[in-house]
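In terms of my numbering, the sequence shown opens at residue 11 and continues consecutively.
If you are wondering where the hints come from, they were derived from the structure by calculation, not from laboratory data.
Since we're looking at a predicted model, the values are computed, not measured.
Note that CB positions come from ideal geometry on N, CA and C, so glycine has one too.
Mixed in with the good hints, there may be bad ones.
Computed beta-carbon distance windows for the label pairs [stated by the list, open to error]:
| id | residue 1 | residue 2 | range |
| --- | --- | --- | --- |
| 1 | 219 | 55 | 15 to 23 Å |
| 2 | 102 | 190 | 23 to 31 Å |
| 3 | 41 | 169 | 38 to 46 Å |
| 4 | 70 | 234 | 35 to 43 Å |
| 5 | 224 | 331 | 23 to 31 Å |
| 6 | 322 | 190 | 38 to 46 Å |
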Amino acid sequence: MDIAEIGPDDHARMTEAAGLAATVRAADAPGGQPIIAAHFAAAIAHPRPGHRVHHYTAAIDDRVIGYLRLDVAPENPGTASGELLVHPAHRGEGHGTALLDHALAVCRAEDRRTLTFSTIYALDDGPQRSGDGTRFLERHGFTLALDLVRRRLPVHTPDDAAEQRLWDEALAASGDYEVRSWTGPVPDELLDAMCRMDAMILTQVPMGDLDMAPERVDPARFRAKEAVLAAHRMTPVHTVAVHRATGEVVAHTRVDVYDVPDARHGHVLITLVDPAHRGHRLGLLAKLANLRHLREHHPDVTELWTANAASNAPMIAVNERLGFAPVERIGIHQRAVGGGPDV
């Protein structure tokens with residue numbers, strides 16, 4: 011097996027890696043959130059601002075059967091997060107271990123202390139999932155650091171009366187606030203406020219046992235992130251809640267949709283309410299307003315996917331009231347890199 015890093019112009023290997031990812035997702039999580047191959051390949055070609063990223067393929071006779079991504083954020087130089095995939099037909103042959111050994115060697119050479127990978131596994135009463143990735147990581151010394159539950163919502167089949175009651179409830183509790191929705195880049199007059207909300211994410215969202223420093227976001231970096239999102243063939247759909255008395259943005263939700271003709275789903279990237287303004291149903295109000303904007307302006311999107319920490323009871327309650335149904339778990343596993351060979 012040959013492990014090779016994907017170069018910035020190696021579009022053929024990017025496409026092969028994307029095809030492998032789609033195959034693995036379909037096999038390991040049938041009926042789950044699909045991989046959009048064009049987006050996956052574009053994300054390889056265009057790293058997020060400030061991130062140091064390596065992408066590798068593993069090939070047998072020049073046919074890609076494995077993929078490895080290592081991503082280091084500028085605020086967390088000691089931690090590499092990533093993805094390790096092996097074609098279902100080639101599992102149990104040592105390829106995953108070879109890719110993991112390669113990942114650990116890269117981390118040691120770059121002085122990374124911790125390595126994290128995510129896997130999909132089944133809910134107790136959910137659809138079947140292979141669980142191969144979870145078992146593989148556990149055998150190699152990884153432990154679960156953050157447990158997430160992924161949920162799905164059909165966009166165009168609401169209970170109109172029930173949704174109207176939720177809307178009325180949220181409006182009644184949020185009289186001091188107004189919502190504003192749009193598609194695409196953040197308006198200039200909201201840019202500083204959105205930088206503040208973006209930087210707040212890792213301080214407010216449950217992170218389990220992951221030790222992650224919050225992101226530092228200024229207007230230049232925010233705009234660079236928007237440009238990369240567009241290069242990834244995605245468009246953000248935003249709603250914010252604005253405090254009427256101060257004009258301050260105090261809640262934000264975002265759904266990303268794909269600029270790919272056959273894509274029919276989007277995913278909720280974040281919903282966040284400033285702690286000083288909680289208790290006014292702002293999360294519910296923003297999510298409902300964003301859903302209505304999505305239906306009107308992106309009618310081809312038929313389902314939404316979201317993932318929440320299993321411990322995030324308040325946001326889970328909001329999502330379940332909106333009709334999001336649990337489908338599967340996502341485990342983020344981590345281990346110390348260590349100084350010697352993997353055993």
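*Against which earlier hints does the structure fall short, listed by number upward?*
1, 2, 3, 6
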